[in-house]
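Residue-level listing of the chains:
There are 2 protein chains.
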Amino acid sequence: MDAQDFRRFGHQLIDWVADYREGLASRPVMSEAQPGDIRAKFPAHPPQKGGRLDEAVAALDRDVLPGITHWNHPSFFAYFPSNTSYASILADLVIAGLGAQGMSWQTSPAATEVEEVVMDWLRQMVGLGEAFTGVIHDTASTATLTALLSARERASNFSQNGRGLQSGDAPLVVYASDQSHSSIEKAALLAGFGRDHLRLIETDDDHAIRLDLLEAAIAEDVRRGLRPCAVIACIGTTGTTAVDPLAKIADIAARFGPWLHVDAAMAGTAMVLPECRDHWTGIERADSLVFNPHKWMGVGFDFSAYYVRDPEHLIRVMSTNPSYLQTKQDGAVKNYRDWHIQLGRRFRALKLWFHLMDVGVEGVQALVRRDLGNAQWFKDRVDAAADWERLAPVPFQTICVRHVPAALKGDEAALKAHNLELARRVNEGGEAYITPALLKGKQILRVSIGATATERAEVQALWVLLNEAAAP
Amino acid sequence: MDAQDFRRFGHQLIDWVADYREGLASRPVMSEAQPGDIRAKFPAHPPQKGGRLDEAVAALDRDVLPGITHWNHPSFFAYFPSNTSYASILADLVIAGLGAQGMSWQTSPAATEVEEVVMDWLRQMVGLGEAFTGVIHDTASTATLTALLSARERASNFSQNGRGLQSGDAPLVVYASDQSHSSIEKAALLAGFGRDHLRLIETDDDHAIRLDLLEAAIAEDVRRGLRPCAVIACIGTTGTTAVDPLAKIADIAARFGPWLHVDAAMAGTAMVLPECRDHWTGIERADSLVFNPHKWMGVGFDFSAYYVRDPEHLIRVMSTNPSYLQTKQDGAVKNYRDWHIQLGRRFRALKLWFHLMDVGVEGVQALVRRDLGNAQWFKDRVDAAADWERLAPVPFQTICVRHVPAALKGDEAALKAHNLELARRVNEGGEAYITPALLKGKQILRVSIGATATERAEVQALWVLLNEAAAP
Chain S
1415 MDAQDFRRFG HQLIDWVADY REGLASRPVM SEAQPGDIRA KFPAHPPQKG GRLDEAVAAL
1475 DRDVLPGITH WNHPSFFAYF PSNTSYASIL ADLVIAGLGA QGMSWQTSPA ATEVEEVVMD
1535 WLRQMVGLGE AFTGVIHDTA STATLTALLS ARERASNFSQ NGRGLQSGDA PLVVYASDQS
1595 HSSIEKAALL AGFGRDHLRL IETDDDHAIR LDLLEAAIAE DVRRGLRPCA VIACIGTTGT
1655 TAVDPLAKIA DIAARFGPWL HVDAAMAGTA MVLPECRDHW TGIERADSLV FNPHKWMGVG
1715 FDFSAYYVRD PEHLIRVMST NPSYLQTKQD GAVKNYRDWH IQLGRRFRAL KLWFHLMDVG
1775 VEGVQALVRR DLGNAQWFKD RVDAAADWER LAPVPFQTIC VRHVPAALKG DEAALKAHNL
1835 ELARRVNEGG EAYITPALLK GKQILRVSIG ATATERAEVQ ALWVLLNEAA AP
Chain L
1415 MDAQDFRRFG HQLIDWVADY REGLASRPVM SEAQPGDIRA KFPAHPPQKG GRLDEAVAAL
1475 DRDVLPGITH WNHPSFFAYF PSNTSYASIL ADLVIAGLGA QGMSWQTSPA ATEVEEVVMD
1535 WLRQMVGLGE AFTGVIHDTA STATLTALLS ARERASNFSQ NGRGLQSGDA PLVVYASDQS
1595 HSSIEKAALL AGFGRDHLRL IETDDDHAIR LDLLEAAIAE DVRRGLRPCA VIACIGTTGT
1655 TAVDPLAKIA DIAARFGPWL HVDAAMAGTA MVLPECRDHW TGIERADSLV FNPHKWMGVG
1715 FDFSAYYVRD PEHLIRVMST NPSYLQTKQD GAVKNYRDWH IQLGRRFRAL KLWFHLMDVG
1775 VEGVQALVRR DLGNAQWFKD RVDAAADWER LAPVPFQTIC VRHVPAALKG DEAALKAHNL
1835 ELARRVNEGG EAYITPALLK GKQILRVSIG ATATERAEVQ ALWVLLNEAA AP
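Protein chains in written order, with the numbering used here: chain S, 1415 to 1886; chain L, 1415 to 1886.
If you're looking for bench data, these hints aren't it; they were derived computationally from the structure. Errors might be hidden in some of the hints.
You can't tell identical chains apart in this list, so a pair holds if it fits in one copy or across any two.
Said to hold, decoys possible - Cross-link-like lysine-lysine pairs, in silico, DSSO-like; alpha carbons within 30 angstroms at most: (1) Lys1854 to Lys1823; (2) Lys1823 to Lys1463; (3) Lys1830 to Lys1854.
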């Protein structure tokens, strides 16, 4: 393909994306494909001859879209929002077009310096102090693994330079709530702590970590000669967006010494509103934190924001310095390859830059306020309905409910089946997509409000739909 | 921004990308920016009001491009190629436009199934047997870390379910050559083995691992009661594209039991040519391998291909299964979140699909053959020149040389300064970009041929340029 072909296909695909976005509301939210349906549309062997991109473009509508679950659909209420703004799409086009590598400053100075700029903008937007320095990670999973690796090395006096975790020294222990995201358990296992050294602390009725149990667990480990290594506080858990009491966790961390990492993957975006910042009082005492502008904020996946108070510490854990990567500017610049696990890196900063130039801080704030208001509207409907039960506070945009018809009251097995069936009906009906989940043994329906296209009308329609699906 | 604005900006940026690509040859390859130059062009605070994307688009030429090192420039000979084809750029536009999440099959069945299809196509293209199953990772660094974590768990009988690496059991040991990529050392340290348990085995005059020393190291560790955990064989090292003797390493691995991982990050693409496959004889006995279609093949970064012989093993190490991620299809489909470290994932398979539909297998083969031929042409020039020394074989597309003027012969310190200065002149001159590096104490110039736009003319021009720069 030459530049002329690229222009032709490019213009066509820009319009294709715009058409797709404009037509989203008329599509079933969740893909109706059955396992194997999409695969069957593709040949078993690669094309020997080229010049067939027109066929692939034509196949997008016919063979690919039926297999897409539409995360930017106005009635997407599942998981968490994964918004991709128009401006962010355009930035991804530019990023791919430039094909720049940001592993070292020299390999494209703009990739590093625009990232420095926008990560500092973002720091200001969520009310973090100047003590924090940011870097773009791909996902919160990776950022959390990085945090635990940093914690591991600080606690073991940088034993990666020596015997690793295989020292036979007293084991290191990690603490988080039983509502913490699966990525925290995964990171703790990958980092080599072992499940025996991961304490998932019970939570209270609001699903926040119980401080008394956290403190008791740490004290008991210390008494047994183990070493508290890291505590993860969740500001907005995945299940219910519960808020762990950060300031008091920071007190405990200060007393016992572990690294304090904050997982605000979803809710961090809400901190663009000053009225939400009470939820992370104490954040200045964290060693690291992660939140995902690629969720609620509208910056297309992947764009996870990892902030640390001590970059030198991070670099000491993550850096490698082979001769072929050394450049003469190394002392004077950031080489972001030393700030995460990967070596190569895309110029993702462009996505946040384009997005903010398009919507401004005020635009981000307005959408978050709208969604918080929609969540409260939905919560009020649930609370006023006799046959619906709400199982968690609603500090942000997620509402956890279940339908409890009078006839099933008290029969947990029947309630589980009833609500699972309800979710199936809604999701397979195609008009909305919600997430069924278990919360402390109870089958709930998670309603996560926050797709950029979701207005009050869609939230109202969901409430009607849920009640219709719940009707006998 | 509404869809209409998106179309307007989109058409503009498609043309911008095309113009950028068409004008690449006239730009200095390496950015001439000084530290802080780019950052200084941006305000210290984020925009409060939006509606300013036109300013950002205008700033691309003025403020961003001066900070870009052009990896797709026809005279880019540094590091390794990081080619991004036109078709791949278009795919990235579609990926962002869809904004689909591929973490579970249900979250977008097409993202999973198109990946199954194209990863199987790719397997066939490089001559791998059906025993291997592929998954897209972001980078070889992450894939190698995944391999070492899999090795760690297999060797420790899945102790992540228990005491982790902190068991006090006999330590696990990892082996690779002293020419292996920095990501291998990084992965070994992050996985918790510790530097004491990483053996970087000396290499021979061709920079391939010395089998006698590898075998002796393993035997000695076994004798001391340590446990050989993983051996990494490099097919095409980063420094010189040296080829470790894979079949014989597989023999040793079979005898002692460690996991065998193959790092073919750059050279794996060459295996699209049957005449290159002698270089990885024995590959069928590997437990895992990684190579990067985002390097030489033209699929835009990030797209790393990780193949394993036993996916169940990988899944056992990487899976988490919280209720909010469970779907009713789980038994019947792949959930790729369990195939790597991250949870969220982009629909990257589209990039390889579009690229192959555009160029075909034959197109990929033709470019690799062209580049191999250009490398041999360059090698012949070096070998015929009295004042140039070649320091490594040229099995693929990288040539490692230094200039040795008669007056400096034998004076290593002077040769080092001379060649560093030579690289500086070439790179800062802007007409080409090469990588200075150290090879066993000697200052070399790495010439990596393989940018898609690089024809024989640019290789010839580089040879002229190097000789001009070397002239007193």
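Structure-based check of all given hints:
no., hint, in the structure
1, Lys1854 to Lys1823, "within (17 angstroms within a copy, 75 angstroms between copies)"
2, Lys1823 to Lys1463, "neither (64 angstroms within a copy, 51 angstroms between copies)"
3, Lys1830 to Lys1854, "within (12 angstroms within a copy, 66 angstroms between copies)"
In terms of the numbered hints stated before, the structure departs from hint 2 and from no other.
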